[in-house]
Structure formats: C-alpha cells, structure tokens
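Note that the protein sequences, when read in sequence, are chains A and B. Be aware that the first sequence starts at 53, since it is given in my numbering, and climbs by one per residue. Be aware that the second sequence starts at 5, since it is given in my numbering, and climbs by one per residue.
None of these hints come from the bench; they were simulated from the model. Among the clues, some could well be false.
[Unchecked claim] Per the computed footprint, the stretches of chain B lying under chain A, defined by three or more beta-carbons under 8 Å from a beta-carbon of chain A, are:
{"#": "1", "segment": "93-100"}
{"#": "2", "segment": "222-234"}
{"#": "3", "segment": "280-286"}
{"#": "4", "segment": "377-385"}
The beta-carbon is built from N, C-alpha and C at its ideal position, and this holds for glycine as well.
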Amino acid sequence: MSDPVPLTTDHPGQLASATPPAPVRSRRLSDRGLAVGFISPALLLLLAMSVFPLLWTLFLSFTDYSATRGGPAHFVGFGNYTAILTSAQVHQRALTTLIYVVGAVTLQTVLGFTIAYLISRRTHGRGVLTTLFLVPMMLSPVVVGLFWRFMLDAQFGVINSMLGSLGLGQVEWLTRQRTALISLIVVDTWQWTPFIMLIALAGLTAIPKYLYEAASIDRASEWFRFRTITLPLVWPLLLIAVLFRAIEAFRLFDLVYILTSGGPGVSTETLSFHVYKVAFLGFNTGTASAYGILMVLVVIVLTQIYLRYLNKLKEG
Amino acid sequence: MPGRKVQLATAAMLLVATTVAACGDGQDGGTTASAPKAPATIPELTTDPLTLSFIWFDWPPARALEAFANAEYKKERPNATIKVNTVPNANWHDAMFTQFAARKTDFDIAILDSQHIGEAVTNGNILDITDFVKNNIDVTAYNPYLLAAYGQYPQAETGKRDENASLYGLPLLGDTWTMIYRKDLIGDKPPQTWDEMISVAERCQAEHPGVSGLAFHQANGSDAAAVTYNTVNGVYGGNLWDAKARKIEGVLNDAAGQEAMDVLVNKMKPLTAKGSGNWFIDEVNAAVAQGKACIAFNWIAASGGLLDPLQSTLGATREQILDKLGFATLPSQKTNLVPLGGMGMHVSAYSPTANQAEALNFMRWFERADIQKKWAAAGGVPSRTDALESPEFLNAGPFNQVYADSVPRMRDMWNVPEYARLVDIENTGVNAALNGAKKPKDALDDIARQQQDVLDSSSRKGGGGL
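Isolated chain A, as found in the complex (with noise of 0.2 Å):
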C-alpha cells in the first residue's frame, strides 16, 4: 500500500483539492529526463537495427569485403560507385525495372480509381464488396507468386485452358520475353490495386456532398463533376497512392523469384533481383552495399521531386 499523500501543493495558499493530487516525482527527473527516458528504448532500437546497418552499409560500399570469404576490407573509393553506374547490366535491369514501375504503377492506379469511384456511388453493399476487393492485399507475394505460376503454366495452367475453350492457342505466359514482364505486372496489379482502392475511396468518401449538390443545382453534367470537383479533390491522395506504390514496386523481389526468377535469361531481372545476385550468389558485400546505397538514393531523388510538386500542388 502506498504512503498517504499530503493534502498540500507546491502553490502557497493554493486550497488543496478533494481529490489526491499525484505523487510528487522526484526533483532529479525533469520533464527533458522523463522524456528522453521514454523514447530511448525506441531510439536505440532504430540506431541498432536502422542507423547502425545503413552506416555500416556505407562504410562497406566504399570497400572490396565479401561476407563469406573474409579477410580485410580494402578500402576502393568510389570503385563500386563507378563500376555499378557504367554496368551495361546495371543499366539493362534498371530499364526493366522503369518499364516495370511504369506499367505496373499506372494499370493499378487507373483500375483502382476506378474501381473505388464505382463502389462510392453504390449505397448498398459497399462495405462487403470493400472487404472482398481487400483480399489481394492481404495474402503474401510468396502465396500470390506460386498461385499464378501454376494459374500461367503453359501446359496446365487454368488461364491457357481458358483461352482453349474460347478457341485461341496456348500463350507462354513466363517463358518468353514480353509476356514474362506483362505477367509480371498483371500479377503485381491483381494484388496491389486494391491499395490505390482503398486510398481513393477514402479520397472520394471525403469530398463533402455540398459541392454534388451545388453542381447538380447547377445542372452540371456527370462528367463536369468528376473533372471539376472528384477528380481535384482526391488528386493529392491518389498521388501519395502512387508514390507509395512506386517505391514499392521499384524494389519488386519476391514475385520475380518465384514467377520468372528473373527469365527468361535475365528479362525480368529487377534491380533488386540483381542485388541478391551480387550479394548472395557471388557474396560481393562491398558491391552489394553500394548497389543498394544507390537504389535509396535514386529513391530519396525521385520522392524529394515527388514531394515537391505535390506542395505545389496543394498550394495552387
């Protein structure tokens, strides 16, 4: 049981209240000391397991270490830098990648919009067809990737069995080049459009009914309040859909290691792909290390412009 409390303050002449006041805390604790007390479990946290790696990272970019084979690191300078930005390889996977991000990105955002601009005129069954359209999302790439392996396979695919019934010829879905990246963004699409869905129809659930009504006392058109009031208004929501899904995307791995493993040959080998390959089939750390450092960059680049633009836009 806990001592009793003085009925008194630290306010002379202040009456003291009915009600306990809170024990006093210890002079030593300031407030600065209490709140550093609180958030340095997490900020060692973030500097063991974020900080501490991406400085390592860095550190390792600018030498020749290998995980595996040991020894010293020899300092290179920005060797790996050089070598990593001047690769024809790098640059092949980098296109593939773009083509990647750009196809994929943009067939989400377009069905998701859409989609989610169709469920908000509905007035029943909204919530249902929400969930149902959520599923995708939830299942885990690995599970999504080895579903349509077998949905795509050539010769015993249901999708192939489909277009046989329907009298056309078999596709080689993950074989050859153009369709293994088409596959590649269909899959990413059929898992990922919800998301833009979701963050639309959060979008288009805000937009206040007034301005509906005011257009439609207007007698303006259907098209004139999509132009003018939805699609204004959601913009900037959907744009940080997109930035969302561009990152996500520009690091796709695990639905290229299971649907293509990056073939045939190396087609749909993404950037990320290739960095596995670098660190883990020829443990060339120091490579990796700078491979990777460079993808952040180009990340940190591309959303600071992002960033920028959608300010801008918020202020017009």
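Once you've looked at the hints, dock chain B against the given chain A.
Frame of chain A, contents of chain B only:
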C-alpha cells in the same frame, strides 16, 4: 542552440566511431583463408543425447537419408539423432553460405554440390579431412574420380584423382543423368547416338500428337539449363574451360561449343512441350509420369517417383509402368561424356567440437562396405565400387545399372570459388537462348565473355560481382 548542435555532432561521431570499430578491418573473428584441419583420429564421442544436423535441398534422397540414418546409425550410436534440414533447391547455396558467412551454422554436415567445394575451402568453411581419410577410409575401394569429385580441392582432371591434393569431403550420393524413354512408343532399344536420339524423338512426336519428343531441364534457376548445355557440349566434343590457363572465352564458344548450342536450341528445343522453358526436375518427371514425353533426361536420384503408380498415369503397378518406361545411359556422339551429379558430406568448421567428432564418426560409418550396400538397398546411390557392383544396388532400381555404367564417363563443371556466378551466367544465357531471348551464338559468346570476366575480376578494384 550551440549546445544542442554539439550534442548532435557528438552523437553522430560516436555512431560513426562505433560503426568503424565494429567493422574493424573487416575481419570476422579470426577467420583464416584456408580450411581448418580435422583430427586424424576421431576424438572421444559424447554419450549425451546429440542431434547431428545436415543441410540439403528438398528432394526424395534427403528424406531417404534421414530415415536410413536414424534406422541404422542409431543401432551403433543410440544417443545420436540424425536431422536432415532441407531448403528449396534454388535456395540451397544461399542457405549454406549465408550461415558460413555468419561463422555460425545450424548444421554439422553440409551436403555440398561438388562444385561448391572450392568456395567453401577457400573461405575456410569446412574441415580439411585429408588426415582423417588416410587413417579411416579405404580410398582404394572407390573409383578415384568419384572420391576426387566429392572431396578434392583443387579440382581433379576429369576421370582422375590427385593423390597429393587435400580432401574436404566424402561421397554421400552419386548421380548422373539417365535417358528415360517410352518403350511402347519408340521400341525397346534406346537410341545409341545423340543424332539418332533426336531423330527418334522427332518421329515419335510426329506419330503421337499431344506427346512431345523431348523433355529436359531448361529453367534458369539452380544449375538446370547449364547442366543441359554442358551435357550436349560434352557429347559434341566441347570443353567448358581450360582449367590450367583459366581460360573460358574461346574454349567454351569454340566450334564444338557452338555446334552443341545449335543442336540444343535448333534441334532439341523444337521437340519440347510449349512453355517448357522453365522446367526442372519436377516438371520433367511430371511430363514423363503423365505420358507427355517420348524421351526425357533427368537425374537418376530424382527418378524413383516415376515408378510410383500413385504418381503416374502409365500403369496401375510398378511392372506396368516398367513395361512402358525404359532407362538407359546417355547416347554418345563425338564423345560419351555424361554429367557428374551427386553430392558429398562436408563437416562445418563452425559446428561444436562434439558434433564435429560425431560427424566424422558418421562419415566413417557411412563409408563402410556393409553400410554402403544398405544405403543402396534403401534407395541411395553409393560411391564405393563394391557397393556399385553389388546386387543390393543393381536390383534396387531399373536405373541403377545406368549409374554403374556411367561412372567411367563422368565429367564435372568448374569447382572454383567463383562457381555460383559462373553457373548463374551459364544458366541465364542458355535459358535466354532456349526461350528465344537471344540467338544461340550470341548467347554462347556472351556466356564465355562474362564467365571470363568473372575469372579475371580478382584484380579489379571495385565492382566485383557485376
């Protein structure tokens, strides 16, 4: 506020100092560049309960080994339990070498592909068991090349063993490709030459709609497509490299190599099923079991399931299946080379001392003549000559005679520390050619150039691994 800035600067400096200190000079806990030596005699074994862990990839022989070892080894060492940990084939190398990189393994015996030995030895990841072998293993009981392939480093010349070279492993499972053919479709006599095999497959495909002429590994994961090309390369008289001069460019893509690539892409690929460009062991087996291929090539150790009526549409009993399926050694052409498969046992340098002692004891036990025969009867492929010639082995499966006949014909790939990158380059290049992403000649020239770059990159400053 200057005080705050000073605090922030101090914190940043501390962090950098900690990082640099942690990195040190890049050395990890007293790592040496060469493999540590195992004792010549087995140290005293513990009587406490002990689990001896292996790491392998997930396939039937892994399950067979665990069952066999627990049934038989326990008779001699009741306190020992054998656990064979498995990972998907594509992750096998990463799973072992990431643990080696951490200098801490959750396995005592790594089952390495013969080509992984160089990487593991130069990194000091596995024990040098040369002295142990001298004292405990009868090396004359083996075909010298098999002993060399699964244990020797530097790599032996094809077909030979260098008795002065060190040994780092002992054979666990021998393997090679077998030709699987449909007796009911092409007749009882298997084709004898590669050209004949192609024309028989062509005719069979034309006569039996819905059945493809050939099925073989084409995937760009693991070593699938690379082994296929290397096999055809060997049969057509090509070479993978000049090991002494460490030269690949101009050797792999010489006239014989180009002919092999042409045969593979332009003559064999058209006889495969549509979309088979990502097929590996399981897919080839599935095509055979479903009666969708006239002739197929697969690893012997992975072929046991083909005789299981529950997995096959070729017959309701093993005998009915065997009426339709035949197993033969690979056809020859300019040479009669066949790919060396299989793996050896290697003791992790980071395993506890008691487990290393148990691992050595297990290896000595496993290589005994009577145990090798029992392993053969349990579905394994032994390496001792007496076990290979024993009725226990030859009668255990219809493909075992194929293995016994193939032993003198085997050729391995490169066993060098750069193996993982060399095989990836070859896999992706051959896969690209097979799936129309590159012209065969361009693909082979690119493979040779990139592999040569890997071998020559040791002196490069930065960018290694690209």
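Taking the hints in turn, this is what the structure says about them:
1. 93-100: holds (count 3)
2. 222-234: holds (count 3)
3. 280-286: holds (count 3)
4. 377-385: violated (count 0)
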